[in-house]
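Using the sequences provided together with the hints, build the complete structure.
In the order they appear, the protein sequences are chains A and B.
The first sequence lines up with residues 472 to 586 when you count with our numbering.
The second sequence lines up with residues 443 to 560 when you count with our numbering.
Keep in mind that a hint or two might mislead.
To be verified - For each label pair, taking beta carbons as the anchor points, the in silico distance ranges come out as: (1) K512/B - L586/A: 45 to 55 Å; (2) R486/A - L526/B: 34 to 44 Å; (3) T485/A - N509/B: 46 to 56 Å; (4) N509/B - G513/A: 16 to 26 Å.
To be verified - In silico contact screen, one side only, chain B against chain A (beta carbon under 10 Å); selected entries: (5) Y475; (6) F477; (7) S484; (8) R485; (9) M487; (10) I488; (11) L489; (12) R492; (13) F533; (14) R537; (15) G547; (16) T549; (17) F550; (18) G551; (19) K552; (20) G553.
As the list claims (entries may be wrong) - Just so you have them, the derived chain B footprint on chain A, three or more residues with Cβ under 8 Å: (21) 505–514; (22) 519–529; (23) 573–580.
Derived by calculation from the structure, the hints in this document are not laboratory data.
Here a beta-carbon is modelled for each residue, glycine too, at the ideal position from N, C-alpha and C.
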Amino acid sequence: KAGVTQTPRYLIKTRGQQVTLSCSPISGHRSVSWYQQTPGQGLQFLFEYFSETQRNKGNFPGRFSGRQFSNSRSEMNVSTLELGDSALYLCASSLPGLAGVDTQYFGPGTRLTVL
Amino acid sequence: AQTVTQSQPEMSVQEAETVTLSCTYDTSESDYYLFWYKQPPSRQMILVIRQEAYKQQNATEIRFSVNFQKAAKSFSLKISDSQLGDAAMYFCAYRSARSGGGADGLTFGKGTHLIIQP
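Encoded structure:
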């Protein structure tokens with residue numbers, strides 16, 4: 472079974488631009504979560520989607536948004552990019568988890584550099 | 443909010459030896475899940491082991507085992523017969539067992555960089 476895929480793998484943008492990152496979960500997984508990884512802050516939870524609905528959201532400004540499609544693929548968008556948004560963005564998928572918690576499986580990440 | 447602490451930024455071990463990585467966490471919840479993830483230099487995060495808090499028995503995988511001490515809020519990872527391929531950043535993570543997994547997704551520690559000496 473194919474793993475979680477993320478596109479693109481690398482991105483370079485300038486301040487003020489916006490960016491969209493894509494994530495395709497493991498087949499059959501309906502929950503997708505996004506994390507930001509930086510050397511200073513470590514791994515921080517952005518948001519989680521399940522059945523096209525945002526289920527949970529971390530403590531990030533409104534410039535960070537996401538969505539999930541009917542095929543469970545997810546996108547996250549960052550508007551008005553700032554230098555501090557430079558990070559590795561990780562997507563993770565898990566099986567349907569209406570009750571209980573399922574293990575999250577991670578993709579390779581998208582490395583975003585903001586100049 | 444829950445916190446996860448990994449007090450060892452870096453550990454070094456000889457190949458074939460055993461190493462233990464420490465993790466403590468703080469929570470007011472009684473039901474939750476704990477994970478160890480490994481992130482090799484290629485950056486892909488890989489699940490190592492998972493522990494349900496309601497289970498008293500420690501989780502084990504081949505060469506990997508945990509020492510879960512719920513009262514002490516401790517969750518250490520023991521790697522036996524260390525191999526060069528075990529070199530990576532290791533992250534301890536917590537997730538609430540509340541419906542939907544709670545509001546915070548996975549809460550990660552800062553990680554431990556494990557070096558394997560040949």
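How the hints compare with the structure:
1. K512/B - L586/A: 45 to 55 Å: 47 Å, holds
2. R486/A - L526/B: 34 to 44 Å: 41 Å, holds
3. T485/A - N509/B: 46 to 56 Å: 48 Å, holds
4. N509/B - G513/A: 16 to 26 Å: 23 Å, holds
5. Y475: Check passed: Cβ of Y475/B comes within 5 Å of chain A, closer than 10 Å.
6. F477: 7 Å, holds
7. S484: At about 8 Å, which falls below the 10 Å cut-off, the nearest Cβ of chain A leaves the hint on S484/B intact, so it holds.
8. R485: 6 Å, holds
9. M487: Hint holds; M487/B Cβ to chain A Cβ min 4 Å, cut 10 Å.
10. I488: 8 Å, holds
11. L489: Hint on L489/B: holds, closest Cβ of chain A at ~6 Å, below 10 Å.
12. R492: Constraint on R492/B satisfied, holds at 6 Å.
13. F533: Interface hint status for F533/B: holds (7 Å vs cutoff 10 Å).
14. R537: 5 Å, holds
15. G547: 3 Å, holds
16. T549: Holds, because the Cβ-Cβ distance from T549/B to chain A comes to roughly 7 Å (cut-off 10 Å).
17. F550: Holds - the Cβ of F550/B comes within 10 Å of chain A, reaching about 4 Å at its closest.
18. G551: Nearest chain A Cβ about 8 Å off; hint holds.
19. K552: 5 Å, holds
20. G553: 7 Å, holds
21. 505–514: holds (count 3)
22. 519–529: Held - the region 519–529 of chain A has 6 residues with a Cβ nearer than 8 Å to chain B, which meets the minimum of three.
23. 573–580: holds (count 7)
When held up to the earlier numbered hints, the structure conflicts with none and fits them all.
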